[in-house]
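Chains X, G and D, in that order, give the protein sequences.
FYI, the numbering for the first sequence is 1 to 166, going by our numbering.
FYI, the numbering for the second sequence is 1 to 105, going by our numbering.
FYI, the numbering for the third sequence is 1 to 324, going by our numbering.
Hint data in this document are derived by calculation from the structure and do not stem from the laboratory.
Computed from a predicted structure; not experimentally measured.
Check the hints yourself; a few may be wrong.
Claimed, not checked - Label-pair distances were calculated between CB atoms; the ranges are: (1) D:48 x G:91: 53 to 59 Å; (2) G:79 x D:286: 51 to 57 Å; (3) D:56 x X:135: 26 to 32 Å; (4) D:286 x X:118: 47 to 53 Å.
What the hints assert, rightly or not - Straight-line distance between alpha carbons at most 16 Å, and here's what the computed EDC-like set of lysine to aspartate or glutamate pairs gives: (5) D:205 x X:124; (6) X:73 x X:124; (7) G:96 x G:50; (8) D:205 x X:56; (9) G:91 x G:48; (10) D:205 x D:39.
Glycine residues also receive a C-beta, built at the ideal position from the N, C-alpha and C atoms.
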Amino acid sequence: MMKKLKVMALLALTAAVLQPHLAAADERLQVIREKWTPGTPMLTEFLTLYPCHSEELPCGQLPPPEVQKVSFKGALQGDAKRGEKIALDVRWGNCIACHSLPGHTGGTVGPSLADYASRAPSLDYTYQRIWDTRVFNPDAHMPLFGTNSVLTEDEILDVMVFIHQH
Amino acid sequence: MSTSTIKARIQLGDHGVATVRTLIAHPMLIDRTDPKTGARLPAHFIEDVEITLNGIPAISLEWGQAVSTNPLVAFELHGVKRGDVLGIRWKDNQGKTDAGEFPVV
Amino acid sequence: MQRFNQSVINPAEFVAALLIAGSVTHASATDIAETTQHDYWPGRDKTIPHVSGDTNFSDTYQDWKDAAAIAAARAAGKASHEVNFKDFRWLVKSLDAELVIDEGREVFHRQNANGQSCASCHGENGEKLKGAYANLPKFNERLGRVVVGPSQIEVCASERLGQQDWRVDTRANSVLDMYVASLSDGHVVDIDVGTDGPLKTAYLKGRDLFFKRTGQFHYACASCHTPPTVGNYLRGQRPTTFFGDASQYPIYHFPYALPGDDLAHVFTLQHQIRSCQQLSRMHQGTEGSPSMTAIEVFLKASANGYPMSIPTQQYNLDTDYLEQ
Numbered sequence: 001m002m003k004k005l006k007v008m009a010l011l012a013l014t015a016a017v018l019q020p021h022l023a024a025a026d027e028r029l030q031v032i033r034e035k036w037t038p039g040t041p042m043l044t045e046f047l048t049l050y051p052c053h054s055e056e057l058p059c060g061q062l063p064p065p066e067v068q069k070v071s072f073k074g075a076l077q078g079d080a081k082r083g084e085k086i087a088l089d090v091r092w093g094n095c096i097a098c099h100s101l102p103g104h105t106g107g108t109v110g111p112s113l114a115d116y117a118s119r120a121p122s123l124d125y126t127y128q129r130i131w132d133t134r135v136f137n138p139d140a141h142m143p144l145f146g147t148n149s150v151l152t153e154d155e156i157l158d159v160m161v162f163i164h165q166h
Numbered sequence: 001m002s003t004s005t006i007k008a009r010i011q012l013g014d015h016g017v018a019t020v021r022t023l024i025a026h027p028m029l030i031d032r033t034d035p036k037t038g039a040r041l042p043a044h045f046i047e048d049v050e051i052t053l054n055g056i057p058a059i060s061l062e063w064g065q066a067v068s069t070n071p072l073v074a075f076e077l078h079g080v081k082r083g084d085v086l087g088i089r090w091k092d093n094q095g096k097t098d099a100g101e102f103p104v105v
Numbered sequence: 001m002q003r004f005n006q007s008v009i010n011p012a013e014f015v016a017a018l019l020i021a022g023s024v025t026h027a028s029a030t031d032i033a034e035t036t037q038h039d040y041w042p043g044r045d046k047t048i049p050h051v052s053g054d055t056n057f058s059d060t061y062q063d064w065k066d067a068a069a070i071a072a073a074r075a076a077g078k079a080s081h082e083v084n085f086k087d088f089r090w091l092v093k094s095l096d097a098e099l100v101i102d103e104g105r106e107v108f109h110r111q112n113a114n115g116q117s118c119a120s121c122h123g124e125n126g127e128k129l130k131g132a133y134a135n136l137p138k139f140n141e142r143l144g145r146v147v148v149g150p151s152q153i154e155v156c157a158s159e160r161l162g163q164q165d166w167r168v169d170t171r172a173n174s175v176l177d178m179y180v181a182s183l184s185d186g187h188v189v190d191i192d193v194g195t196d197g198p199l200k201t202a203y204l205k206g207r208d209l210f211f212k213r214t215g216q217f218h219y220a221c222a223s224c225h226t227p228p229t230v231g232n233y234l235r236g237q238r239p240t241t242f243f244g245d246a247s248q249y250p251i252y253h254f255p256y257a258l259p260g261d262d263l264a265h266v267f268t269l270q271h272q273i274r275s276c277q278q279l280s281r282m283h284q285g286t287e288g289s290p291s292m293t294a295i296e297v298f299l300k301a302s303a304n305g306y307p308m309s310i311p312t313q314q315y316n317l318d319t320d321y322l323e324q
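With the sequences and hints as input, model every part of the structure.
Structure below.
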């Protein structure tokens, strides 16, 4: 058991050094999704895995997450209905907080996505926007859905299918 | 000046119209069952509220179990001038009662 | 992307991995001195420890800076959202909160086994505490740290009255905090963060924390509470800037309460910060901790020059505009 953990830690550290960002985000996503069900309040134990305000806890010294550049591979496939659910749920994607969406009026902090399909941006662009919007705007208000392990791969695909609807 | 259960704020506006907000501290409980023992806990709520202006009845309220705890009532009263006295009295279904007099300043 | 089969991951090792990963690709520090680089929301340099600092963030200050300005704005037909929502809170007092203040008054005069109560030192009906809340938070010489209202109450009650159950985040502490704050209604907030010292240090730390991006969403408090988010819809609400509002805390926040709380719906300023942290998926600070106290110092100093308003109405229930 200890040996397994040591191997784990070594693998984690190695991966962290060689491919720091993506490996870390992926591990953290697994850890969170094991215990947290989307649609329920985020569990407090996972919030110390991110930078925080505290002076006493280690999370207070965590550096900001590195900007992650990603590209979209393959065809766009997903469940639009589930994507809609993710986008509307305040304890999941909560896209509606800032954006209007196809069929739904939402917040005005971000641009309206109701007619997103008619603008037909590339899948690379959309994917990057959702994954880590800081590539386009370092001071953006948009959560880092990919870099910060908010949404899984297929959840992002579902949302992309949903907003690409006419 | 408030009594132990009645608070009132009176704001005299133009043309003798006073905006009154009154808060009555009362549990206002519905008839219900104790979840642990199954015993019946009887309702305890205000049934009647009488509001008077200089002793003359102005508003009369009949309440039931639907009114919630610490009811807050706000209303406009016409024909009010400085020095008038607003009287508020309540009586509940267990016979308890309280009353207060609030001068319009 | 690699996927690990084993599901047991030690959070401490994970954080260690993140720290190492971060330091390998560390960028240079910013002008505002920090030992570890943090991402900040822009705007720290535009803050000043006075309510008039709002002019650097919104164009509404002249419409709510005092009672006359609010009256003029109303006469001109401006709605609450056009004056940064800083009109009705100073116009309307909460009537329901009076019951909580009554409860606080009762606790204030409650005697322990030796016949001592808060009133024994602070006077009947808090005579000697009038106006004190307008100068909180302050540096407590004896304790050697900056304290906020609830922390001071906790220390005083446990040390001098032997009341061990009046810690922060308890009902007694919250209603006492509300009662003591109500004794400062109308007093102008005055926190000295200009003179070098612990309060100024706390202010600068709090300012940095307010603008620091944290949590799962990578938000700072300032992300929502400065333009351009101020003035836009976030879910169904529109946020306001952080100037002035601290003078209305603790606030009677019926019907809201965090799950499990029995605090008579009293929201101290740090309780409010915790609530915001929870909504934004940030780690919730502990009430009374140095970091939370620093943020409170920053917010209270951003209300310098503005009168306290306790108890104030939380939401604008004036529906006259619907009838126009």
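Going down the list of hints, with the structure as the test:
no. : hint                      : verdict
1   : D:48 x G:91: 53 to 59 Å   : holds (57 Å)
2   : G:79 x D:286: 51 to 57 Å  : holds (56 Å)
3   : D:56 x X:135: 26 to 32 Å  : holds (29 Å)
4   : D:286 x X:118: 47 to 53 Å : holds (49 Å)
5   : D:205 x X:124             : violated (39 Å)
6   : X:73 x X:124              : holds (8 Å)
7   : G:96 x G:50               : holds (14 Å)
8   : D:205 x X:56              : holds (14 Å)
9   : G:91 x G:48               : holds (5 Å)
10  : D:205 x D:39              : holds (14 Å)
Consistency note: the structure conflicts with earlier hint 5 alone.
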